[in-house]
Amino acid sequence: MNAVQRFIRSRVLLLTASILIAAMCLSVLVQGQSQAALNRTVDQNSRGLYDILVQVKASDNAGLMQPDIANGQGGIGFDQLDSIRKLSGTSVAAPISLVSRVTQNLESPRLDATDYLGYNAGLAGTSGDPTATDPSKWPAAESVLSDAPKKYRLTASAVSSDGVSDQTLFKTTAEGSLGKAKLIQEQVAGGKNVRIAGPAGETGIKFPAPAGGSEHTLFNLSVSLPMAPQVTESVVAVDPVSERALLGSAGDFLAPLEKAPAADARNAGAVGRHFESLFTSGIGMEQLKEGPDFLGVKLKYWAPLMSQYQQAKRSGQLTADSQAIPLIVRSGTSLDLKYSVKIEEIDGSGNVTKDVGTVSRSLDKDYLPFVSKSPFALAWPGSKDLTQLLGDTGSFSQGLYNPATWSTDFAAAPKYADGSTAANGAVGKSATPGEWVTVNRLPEKAANGAPVDQTQRNPVDERSYRDNLDTGKKLATPLAMVYGTFDPAKVREAAGDVNRLPLGGYDPTPFTLAKDAAGKDVAHTALKPSLSATGLASQSAGAITDFYGLAAARGFDQNASVIDAIRVRAKVPGSWKQAQPEVEQLANEIRDMGLQATVVAGSAREDASIFVPGYSKDDAGKESALGTVQQSWVRQDAADAVSASLTGTNLTLLFLTLCGAALLTGASTVSYVRKRRSEAGTLRAMGWSQRRIRSWVLAEFGVGAAFLAVAGTVLSLVSWNPATAIVSASVLALYVGAAFFAAQQLRHREEVDQEPQHDERLIPVDSALTFANRQLSTNKFNTGALAVAVGVFGAAAGGLAALLIDIPRAAGASALSGLAAASIVLPSIILALAGVAVGLVLTMVTGRFELQAKRQYLGTLQAMGWNPDMLGQVRFFENAMVGTIALPLGVLGALGIGLLLAPYAALWAGLAGLVAVLCWIPIATKVVK
-3 MNAVQRFIRS RVLLLTASIL IAAMCLSVLV QGQSQAALNR TVDQNSRGLY
47 DILVQVKASD NAGLMQPDIA NGQGGIGFDQ LDSIRKLSGT SVAAPISLVS
97 RVTQNLESPR LDATDYLGYN AGLAGTSGDP TATDPSKWPA AESVLSDAPK
147 KYRLTASAVS SDGVSDQTLF KTTAEGSLGK AKLIQEQVAG GKNVRIAGPA
197 GETGIKFPAP AGGSEHTLFN LSVSLPMAPQ VTESVVAVDP VSERALLGSA
247 GDFLAPLEKA PAADARNAGA VGRHFESLFT SGIGMEQLKE GPDFLGVKLK
297 YWAPLMSQYQ QAKRSGQLTA DSQAIPLIVR SGTSLDLKYS VKIEEIDGSG
347 NVTKDVGTVS RSLDKDYLPF VSKSPFALAW PGSKDLTQLL GDTGSFSQGL
397 YNPATWSTDF AAAPKYADGS TAANGAVGKS ATPGEWVTVN RLPEKAANGA
447 PVDQTQRNPV DERSYRDNLD TGKKLATPLA MVYGTFDPAK VREAAGDVNR
497 LPLGGYDPTP FTLAKDAAGK DVAHTALKPS LSATGLASQS AGAITDFYGL
547 AAARGFDQNA SVIDAIRVRA KVPGSWKQAQ PEVEQLANEI RDMGLQATVV
597 AGSAREDASI FVPGYSKDDA GKESALGTVQ QSWVRQDAAD AVSASLTGTN
647 LTLLFLTLCG AALLTGASTV SYVRKRRSEA GTLRAMGWSQ RRIRSWVLAE
697 FGVGAAFLAV AGTVLSLVSW NPATAIVSAS VLALYVGAAF FAAQQLRHRE
747 EVDQEPQHDE RLIPVDSALT FANRQLSTNK FNTGALAVAV GVFGAAAGGL
797 AALLIDIPRA AGASALSGLA AASIVLPSII LALAGVAVGL VLTMVTGRFE
847 LQAKRQYLGT LQAMGWNPDM LGQVRFFENA MVGTIALPLG VLGALGIGLL
897 LAPYAALWAG LAGLVAVLCW IPIATKVVK
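Sequential numbering from -3 applies to the sequence shown in the numbering used here.
In case anyone wonders, no lab produced these hints; they're calculated from the structure. Quick reminder that beta carbons are idealized off the backbone N, C-alpha and C, glycines included. Mixed in with the good hints there might be a few duds.
Stated by the list, open to error - With a cut-off of at most 25 Å between alpha-carbon atoms, the simulated DSS-like pairs for lysine-lysine come out as follows:
id	residue 1	residue 2
1	Lys361	Lys147
2	Lys178	Lys167
3	Lys361	Lys285
4	Lys486	Lys167
5	Lys188	Lys147
6	Lys178	Lys380
7	Lys133	Lys178
8	Lys350	Lys369
9	Lys202	Lys369
10	Lys167	Lys146
11	Lys167	Lys334
12	Lys133	Lys147
13	Lys516	Lys486
14	Lys285	Lys296
As the list claims (entries may be wrong) - If you anchor each label on the Cβ, the simulated ranges turn out as follows:
id	residue 1	residue 2	range
15	Ser157	Thr276	41 to 51 Å
16	Ser87	Asp381	48 to 58 Å
17	Ser273	Asp317	35 to 45 Å
18	Met589	Arg310	28 to 38 Å
19	Phe275	Val52	41 to 51 Å
Construct the entire structure; sequences and hints are all you get.
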């Protein structure tokens, strides 16, 4: 009988080799699928809108890039931009810069109470407006006020919030009497005159200056409220053509800005006179609705432009040097500013007789910088808006009256100090606090020139985390021309998620409070921007202009080096890995120009944990920290790091699964070969040498090794992965090593493992426990072999569990890490469970070598009157004792493997090894009968 026949006849060798080969095929298949999923996930999420970020100087943040790339540092000239665009590898080079900070005085808030007097031809003036309601269809007069004036107390207040706590900016009270208006017809020279007047005895309500008083109109009684705080916005400059190329269809909102006039055609006076001429020569109602055409752009927001132009001309702010600056303004605001008015009816002594109600309004998604007029127009409870009776003409007057104040300084990016590094590579930061900035001040003078009492409002201090940078020179008042709007949320969405890269200024990157000042976890709360726009949290830029607009705002009259950053996309398709060589070459060419070129292809967003000290102070001036906030930064080379780390985890799982199976196969082999010592004795008696006997046995193992070698070769060729070849070779080496060790156990004499018949040290059999103990102590070799197999099984199970637990840490802290880890979790669990299952089966095979002998003595015990429960106890105690012997090897082995492969999960590895051995005991008792 040749070796192949003997190998097949020896069912144990055939079974163990088959199990090992099946485990190899399954494991390599699962690992291959896992690796494919990992590569696919990384490739699909590792290339953002651009590949290289060009700056004069980039901060070293341990591989983390903060999102404030438009930080006012400038330093890049337009000649360098042109040189980058001319490089053969450049597809898009889009510059961006901060322009300035702009402070906007919101129009005076007002409280409108419906006091509609009905249609009056002398007051309505709707002739010629086809959208106006026909006079015959105007409703009857109505009012929320009484015929006789009543005395009211109005309490106006403004509250701002940073998302964590509220700050009352002011609370001011005014009292007076209000009543229903009436029409008074007077005889004047040339005819009759109709005017609106309050009822007799009405005093009106007047808040302290600079607020006005109360006034009756055709539709409302309007009470002028205390001035709202100033709102500060930032403006960024882009090249609209290259920015649209960078954003794709998401950048279509910049199309109107491409049609803005050249730098020498932006004189504010000339632009204003052009629009005045349109109204002088006549303009249709439809054209007013769509907006007058200006060089191919329908200026929907022409009303604010005209209002501010005329106001600036009257006040002398507009000069021959004033320039018009085209803007695309942000739609809405994330600034949390709420204005409220509490209305109470009081008696002559000031006692409240009726709570009329409280009305509030906040800046929200309807607010448009440079456009929105009276965002704090509040309505008296029960009031309704009847101004639409006049038609669309009423909406044409909407717009800010006063031009914004443009400064030559702006808030730079926050500065951070490095903190501790977490196990997953996440780097902690600490924000560097700056000066305290006072907000909520009142103007020095009212509209009539009278001085304003500053004591009526307490200034509020906000902590600044951004330095003021002064660039350029003070110029004449610019005139804002609003060409359109943009939604920062849609821009942020277009920038991607996992591979999101900062665009610079107009894509918001929020801060989220995660821990309080004591380090305790809190419900995640988004921080809101500050009124001064110098706080840690900031919102999207209020407006986007072009670089001619930047020159006008800062006072540059030549090509200055004002570009903060250039986002460069390489002219190469494919994934980050495919594009990597060309991107690196392009980056090196840019570096040769003396600029800092940071390769961001293959990067991913990562939440940076930032401790915020000195955030607030109490009345005594004691400062308090806010706590720890999180903000999405950019982890450079995240794709490489994630791919390398999780590929290593994948291969380690494969190696541990198969090598553990190979070791268990070896333990089974050694135990099985020892059973063949009787054959070795017979062959020795026939004259065979010890060497020939061992060669005879090794030939059988050689057949199994050949099958393993063929399987490993095929798997290596199919997967085309060197790692598969290495793991297959390791399995083959362990199998061959076990075979040689097993062959050494053959003896030319037969040793009978049996208990002596007359020994005073014999243990009396008085229970299942003592019988099991005697059987195991008598068959020490097989007991030891099985215990080693179970210990190896426990160690392997612990190591596999540690690797699974360590996957999130090994992947890293970036968003790509979580996505990539999720893509391999299921295959990794399947691979680990397959390894545990194979190990469990092989320990069962090892335990069956003494099965015939066990059945014999269990039959004897049954004949002696032992019931099935007692026989089951014998099997349980035998396995429990083997498990007890295997327990140290399983736990210590699992700890060792955990410390070697996944130190952060080593304790979990030891626990998993313990559980695996303990679970083996009842399983073996039930299965091996």
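Hints versus structure:
1. Lys361 with Lys147: violated (36 Å)
2. Lys178 with Lys167: violated (32 Å)
3. Lys361 with Lys285: holds (22 Å)
4. Lys486 with Lys167: violated (37 Å)
5. Lys188 with Lys147: violated (33 Å)
6. Lys178 with Lys380: holds (19 Å)
7. Lys133 with Lys178: With a Cα-Cα distance of about 21 Å, the restraint between Lys133 and Lys178 holds, given a limit of 25 Å.
8. Lys350 with Lys369: Outside the cut-off at roughly 32 Å; violated.
9. Lys202 with Lys369: holds (21 Å)
10. Lys167 with Lys146: holds (23 Å)
11. Lys167 with Lys334: Satisfied, since the Cα-Cα distance of roughly 12 Å is no more than 25 Å.
12. Lys133 with Lys147: The hint is violated at about 34 Å.
13. Lys516 with Lys486: Roughly 34 Å separates the two Cα atoms, so the pair is violated.
14. Lys285 with Lys296: OK: Lys285 and Lys296 at ~7 Å, within 25 Å.
15. Ser157 with Thr276: 41 to 51 Å: At roughly 47 Å between Cβ atoms, Thr276 and Ser157 fall inside 41 to 51 Å, so the hint holds.
16. Ser87 with Asp381: 48 to 58 Å: Holds, at about 51 Å.
17. Ser273 with Asp317: 35 to 45 Å: Because 22 Å falls outside the window, the suggested range is violated.
18. Met589 with Arg310: 28 to 38 Å: violated (50 Å)
19. Phe275 with Val52: 41 to 51 Å: holds (47 Å)
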